[in-house]
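**Student:** Protein chains in written order, with our numbering: chain X, 1 to 466; chain B, 467 to 932.
Just so you know, these hints were derived from the structure itself, not from any lab.
Do not rely on the hints blindly, as some may be mistaken.
Pairs of lysine-lysine residues, derived as DSS-like cross-links and limited to a Cα-Cα distance of at most 30 Å, are as follows [stated by the list, open to error]:
1. Lys455/X <-> Lys318/X
2. Lys156/X <-> Lys921/B
3. Lys318/X <-> Lys124/X
4. Lys915/B <-> Lys449/X
5. Lys212/X <-> Lys622/B
6. Lys156/X <-> Lys915/B
7. Lys622/B <-> Lys784/B
8. Lys455/X <-> Lys921/B
9. Lys678/B <-> Lys921/B
10. Lys915/B <-> Lys784/B
11. Lys921/B <-> Lys124/X
12. Lys921/B <-> Lys784/B
13. Lys622/B <-> Lys590/B
14. Lys212/X <-> Lys455/X
15. Lys318/X <-> Lys449/X
16. Lys124/X <-> Lys156/X
17. Lys212/X <-> Lys921/B
18. Lys678/B <-> Lys622/B
19. Lys784/B <-> Lys455/X
20. Lys455/X <-> Lys590/B
21. Lys156/X <-> Lys212/X
22. Lys590/B <-> Lys449/X
Covered stretches of chain B, as calculated for chain X (at least 3 residues, CB under 8 Å) [stated by the list, open to error]:
23. 690–704
24. 779–787
Examples of chain B residues toward chain X, derived with CB under 8 Å [as the list claims (entries may be wrong)]:
25. Ala528
26. Val531
27. Asn614
28. Glu641
29. Ile645
30. Arg648
31. Gly664
32. Gly710
33. Leu728
34. Val742
35. Ser880
36. Gly890
Where is the CB? At the ideal position from N, CA and C, for every residue including glycine.
There are 2 protein chains.
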Amino acid sequence: MALVDELAALIGSGNVIAGDSSPARAYLGDETESRALSGSAAAIALPDDAEGVRQVTAWCYAHDVAIVPRGGGSGFSGGAVPSEGSVVIGVERLTQGLEFETGSWRVHVPAGTITAALREQARKRGFYYPPDPGSQAVSLIGGNIATNAGGPHTFKYGVTGSWVSGLEVVLAPGELVQIGGRVRKDVGGYDLRSLLIGSEGTLGIVTGAWMKLIPAPEAALPVVGFYPSTEAGQAAILNVLASGVAPAAVEFLDAETMEAALPTLGEAIPGLPPEVTGTATFVVIAEADGSSDQVARDREDLIAVMQAGAQAVHAPAKRAEVSALWLWRDVVSRAVTAREGGKVSEDIVVPVERIAETVRIVHELGARHRVPTCNWGHAGDGNIHANFMVNRNDEAGLARAAEAAHELFEFVTSIGGAVSGEHGIGIVKNHMLALQWPSRALDLHAQVKRVFDPKGLFNPGKKLAR
Amino acid sequence: MALVDELAALIGSGNVIAGDSSPARAYLGDETESRALSGSAAAIALPDDAEGVRQVTAWCYAHDVAIVPRGGGSGFSGGAVPSEGSVVIGVERLTQGLEFETGSWRVHVPAGTITAALREQARKRGFYYPPDPGSQAVSLIGGNIATNAGGPHTFKYGVTGSWVSGLEVVLAPGELVQIGGRVRKDVGGYDLRSLLIGSEGTLGIVTGAWMKLIPAPEAALPVVGFYPSTEAGQAAILNVLASGVAPAAVEFLDAETMEAALPTLGEAIPGLPPEVTGTATFVVIAEADGSSDQVARDREDLIAVMQAGAQAVHAPAKRAEVSALWLWRDVVSRAVTAREGGKVSEDIVVPVERIAETVRIVHELGARHRVPTCNWGHAGDGNIHANFMVNRNDEAGLARAAEAAHELFEFVTSIGGAVSGEHGIGIVKNHMLALQWPSRALDLHAQVKRVFDPKGLFNPGKKLAR
């Protein structure tokens, strides 16, 4: 029996797509298509439930077929790009069993839940699920857990993993296992939960999770500062950290990003003088959240410290304006892609006080390798999205961008930084961890992989440490 | 050359104590001496620096000698109790290199730093290091990381691991490795950092860490509610969670704990009518923190919700009164030990809404096995310190307590709870994880141990999953 028929016999023909059929195309790439990456697969399996995921996994493991787990397909590192002959296991139909237990500040979330939907459903009940990756409108919680996704508000609230108290995961050779659950603390065993979170589907497939919630803050207000130089922007970031306010988010965007995203900024910040948006070299957004009174005071403090060295400070207070600003912030990435018809989007982390230096180096590398660059990111966390803007059909340009990115990773790791803050390694950053970790840790990385996946069938070729 | 001389040649004779000498005695037990546990060792090594830890580890690994890492010796699970012929490696002299970088909200902490000293040093600089285990006056950060220690304020702020951004650790066969560092986010590799945190010295020895800080909250005020029944206390806990306030801590103590700790409570809560402290069955402490205004409002909200069903609500506002209350809370554990001259202190986690049920079962088990019981703990996290009070010389009593504890673990795991929230497994809870985890996860636990420690020399016999 053909592979597709075998899988159909397990989970139903309506849940299996032949890899060479036209509907399969939507499952062969992710956001790395902006850098011309996509793959091929023998079949796409879209089980309705965790048991279906388990069955397909068990079948693949028994038949030595590679398994490529897939969430919402919004990754930037090719983690969900399938390899020839593999079976993609998408969790998008795992949507049954979203159960709120708000009295105990928690929720059970099936892996196919859209991030923004979880946030909205929580908010309706007076609760807050903080992680807010830029792709939240399409990303799935399963993918968020597999990549340990971040976002602007993880500065105050921590990344996805900070909110997971229990994991439901299919492990090799095809077993559905629960680690943790409703409990908020647990030091009984080694922290296999954290080991699985961020493992990009190379150790197992997340089918669901118990997650923590907190009461929704009453209010949240951003303050936007426009600065004439990268150095002035860096100073503003450090001034915010020294202000005594513990902001929910501290973001930045450089001039090149502003230029790419400018057409949509007008709507986001109505009434802002074009001479400011047109000339600012560095923009900082800091947001205070909490009770209304507290936010009002923190906002005043932020305005005061952010005025130092600023060309302008904009502090929207109307709900619609605030929403528009964050919505604009979320689409910056797509606006930048649109500019050149593609981009090589890197995602590095440096100590927060070295953002300006790093941004300058990104631009220098871009100039030297003849690739336009722009940077934005989660300033408070030192997490920079360094973008090399290249049309995806420009092979030579892509090669130059890859060289520039490699030099960037060398610099970042030389100052104690990390090669990925939230996008993961996938295929585009394979071997880059070797710049960052000592040899002994790289050995352990490989051995841990073998322990979980002795046949090497879970997302093969991804997240290779060296 | 004798083992002690070999070690002295490596790290200096002033840093090595012969296992059979009288000064060694201070290193052969931990708080499990209250249940009559202590061990023996060939030698105690107290290196001055991480390189010394590395040298001793390498020597032991090469000579097949077991290594027992030791922090402040305040553990409750025997994790630091050495086995015959082993070398204890204490990190108490690793105190050089406490370096604050408050402008970037972080600090480098050598493993020998006392927890309370780190908290105090941070506070002097206007910053806050939240984890506050009851033993903070003597526990060391190295031990806190090895056990992933908690405390009252981890309800809002997370356990020790939440604050570690980089680990310096000696791994087999004797290599000093750094994983992470100053960066606040990192998803490049598998999360080996989290795997090491809470591994109780069975995977490596922590010599230092980069840790995160936050600006110190301006104020913190507790509200204490006294309730006539366990059920009324449970309702109060859930009322606090439903209040919209996000408290920094939610603690509880039962009547039996109050009785044991009563002699010191009068000083902690001056002016409190004895008819209340003498009759309350269940006490809840909730603390609000933040700006002064915010805390004042949250305190009013907490008082309002905690009055429902209460015999009395006490809300100290003077700094000295608040300090006295938390100091009293920290010494409850010792007060309870004093009552019977020993205790079997367990440390379980249940879903927060099942605290009352669990407390009732602890008392039932105590009655059935003829051991006095008392419970207190971190209510918000569902983390109960269930204590079976037995004199440490009463062998039959200790055996009955062990039976009662085992039945308690069976109950706890049957409702999705955890066998340890902050004390770890050590030797006293070996094999208890098998009640909680599926077989596949237990296999992985054993395999991960082999990957890190192929010779099985790191803290052998501790944290056994089954």
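**Student:** Take the hints in turn and mark each one as holding or not.
**Tutor:** These are the hints, each one checked on the structure:
no.	hint	verdict
1	Lys455/X <-> Lys318/X	56 Å, violated
2	Lys156/X <-> Lys921/B	41 Å, violated
3	Lys318/X <-> Lys124/X	20 Å, holds
4	Lys915/B <-> Lys449/X	14 Å, holds
5	Lys212/X <-> Lys622/B	12 Å, holds
6	Lys156/X <-> Lys915/B	34 Å, violated
7	Lys622/B <-> Lys784/B	23 Å, holds
8	Lys455/X <-> Lys921/B	25 Å, holds
9	Lys678/B <-> Lys921/B	34 Å, violated
10	Lys915/B <-> Lys784/B	50 Å, violated
11	Lys921/B <-> Lys124/X	54 Å, violated
12	Lys921/B <-> Lys784/B	56 Å, violated
13	Lys622/B <-> Lys590/B	22 Å, holds
14	Lys212/X <-> Lys455/X	34 Å, violated
15	Lys318/X <-> Lys449/X	50 Å, violated
16	Lys124/X <-> Lys156/X	22 Å, holds
17	Lys212/X <-> Lys921/B	38 Å, violated
18	Lys678/B <-> Lys622/B	15 Å, holds
19	Lys784/B <-> Lys455/X	63 Å, violated
20	Lys455/X <-> Lys590/B	54 Å, violated
21	Lys156/X <-> Lys212/X	15 Å, holds
22	Lys590/B <-> Lys449/X	44 Å, violated
23	690–704	violated (count 1)
24	779–787	violated (count 0)
25	Ala528	16 Å, violated
26	Val531	21 Å, violated
27	Asn614	5 Å, holds
28	Glu641	5 Å, holds
29	Ile645	6 Å, holds
30	Arg648	4 Å, holds
31	Gly664	5 Å, holds
32	Gly710	5 Å, holds
33	Leu728	28 Å, violated
34	Val742	28 Å, violated
35	Ser880	12 Å, violated
36	Gly890	5 Å, holds
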